[in-house]
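All chains should be modelled from the sequences, with the hints used to inform the complete structure.
Sequences listed follow chains A and B, in order. To convert, note that position 12 of the first sequence is 49 in this note's numbering; the numbers rise steadily by one, no gaps. To convert, note that position 154 of the second sequence is 144 in this note's numbering; the numbers rise steadily by one, no gaps.
Each statement offered as a hint is correct.
Computed cross-link-like contacts, SDA-like style, restricted to lysine to any residue with a CA-CA straight-line distance of at most 25 Å:
1. LYS166/A <-> ILE208/B
2. LYS145/A <-> LEU8/B
3. LYS145/A <-> LYS174/A
4. LYS64/A <-> ARG40/A
5. LYS76/A <-> ARG107/B
6. LYS200/A <-> ASP102/B
7. LYS61/B <-> GLU82/B
8. LYS91/B <-> GLN141/A
9. LYS200/A <-> ARG107/B
10. LYS212/B <-> ARG170/A
These are calculated hints, taken from the structure and not from any lab test. Fair warning: this is a prediction, and the values are worked out from it, not measured in the lab.
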Amino acid sequence: MDRKQAKSIIEAMLFVSDKPLFVNEIKGVLEEFDSCDIKDVVSELVREYEETQRAFSIKEIAGGFQIVTDPVLAPWLKKLYKTSGSDRLTGPSLETLAIVAYKQPVTKPEIEAIRGVNVDGVLKTLIEKNLVRIAGKKETVGRPILYGTTSEFLQYFGLSSLKELPNLEEFHITEKDIELPEHLKEDQKDEVNQSSQENR
Amino acid sequence: MSYKVKLEVFEGPLDLLLYLIKKNEIDIYDIPVASITEQYLEYLELMRMLDLNIAGEFLVMAATLIHIKSKMLLPLEEKEMLPEEEEDPREELVRKLLEYKKFKEVAGVLQDLEAERKKMFTRATVLEVDSGEKFFEASLFDLITALTRVLKDVPKDIFQEIIKDEFTVEQKVHDLLHMLVEKSTLQLSELFAKAKNRLEIIATFLAVLELIRLKEIIVVQKKSFDEIEVMRNEKHRLRVERIE
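Printed below as a string of structure tokens:
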């Protein structure tokens, strides 16, 4: 099989797939090609779509590739499907997700310590939506459940991986641009170290 | 109704504090505890008056604020007697607020990502976009279960009252369609809760069944035995609009 044919096949697979397509899934179909070749072909397609200014592009989502439409076209597509966009996540849901995403694997009391409020309901909704999963149990007294994000989480926010999330340190400074007082800085550092140790 | 909305606005005590700090344009590192405590308690009182379900955490925070306030009122020489690390009684609260604020801002970033992602359509996205939550239609048995549950809760003595026959199914059908114009989703339990007696509950129930039959509404559940929700049947409406 020549490269041109392989490219058509990969393009067709991307076209029909309703979820991000992984390189090893493509490899399962095109056995004679290795991961590098496949990635090359995909990048070629990505470039082609960009250069020819198509209504869609290939986006890297949750570690796979998926054809998505240009966001500019959203108003018309929304009309076609009459979507209201009312199914957005609520503030509390987003905050809880943010904490889970950065602190994972994390226990419920740890999330509650940050949010200052009970998260039973929110956590349940997030698990039902498959954005958060049970990632195991913490080896401490009572073996509390640990929570983490799912690949559905990455898909939902259009992220290729968790690394794409903004650096948490960037959020240390308030809008007033005030430097943390020395004594607070020390404490914060300690806290960060502690929690990262707990994560491990 | 205000119950749910309000809780989503403030959610927790830290939210309320950040809100007050922002509203008063206060420096988060130098919180005037006395005035913030006063305002915090005012809001708590308001929430109580509106009959909102105030979480226990709000009261714990109120106690913390009052505790900090009293510590700050201590004369200087007594303050010196306190252990070194407790120099500023506000310190721990500030740290908590900053930590929370950080994640609140990240939540904002996630919200932007969500909005951006929702603009990108993919194959078979339609079903996902239509209802972010996964629903399935409730069966007649689910509805009857819900009805019997409500009827069981109706106080017995009400049945002995002489009730004028003021509730007709037609009227209820009409009311329901009107309610669904204002709100796309209604909880079945809240519809029943509005009913004053057994007859009205039954009239409401029959109206729901009639509208299901006419394909005007659908009744869904997020999972088995969960709360039943009544929604307009968008698919039906779309079809009608397209034919027109």
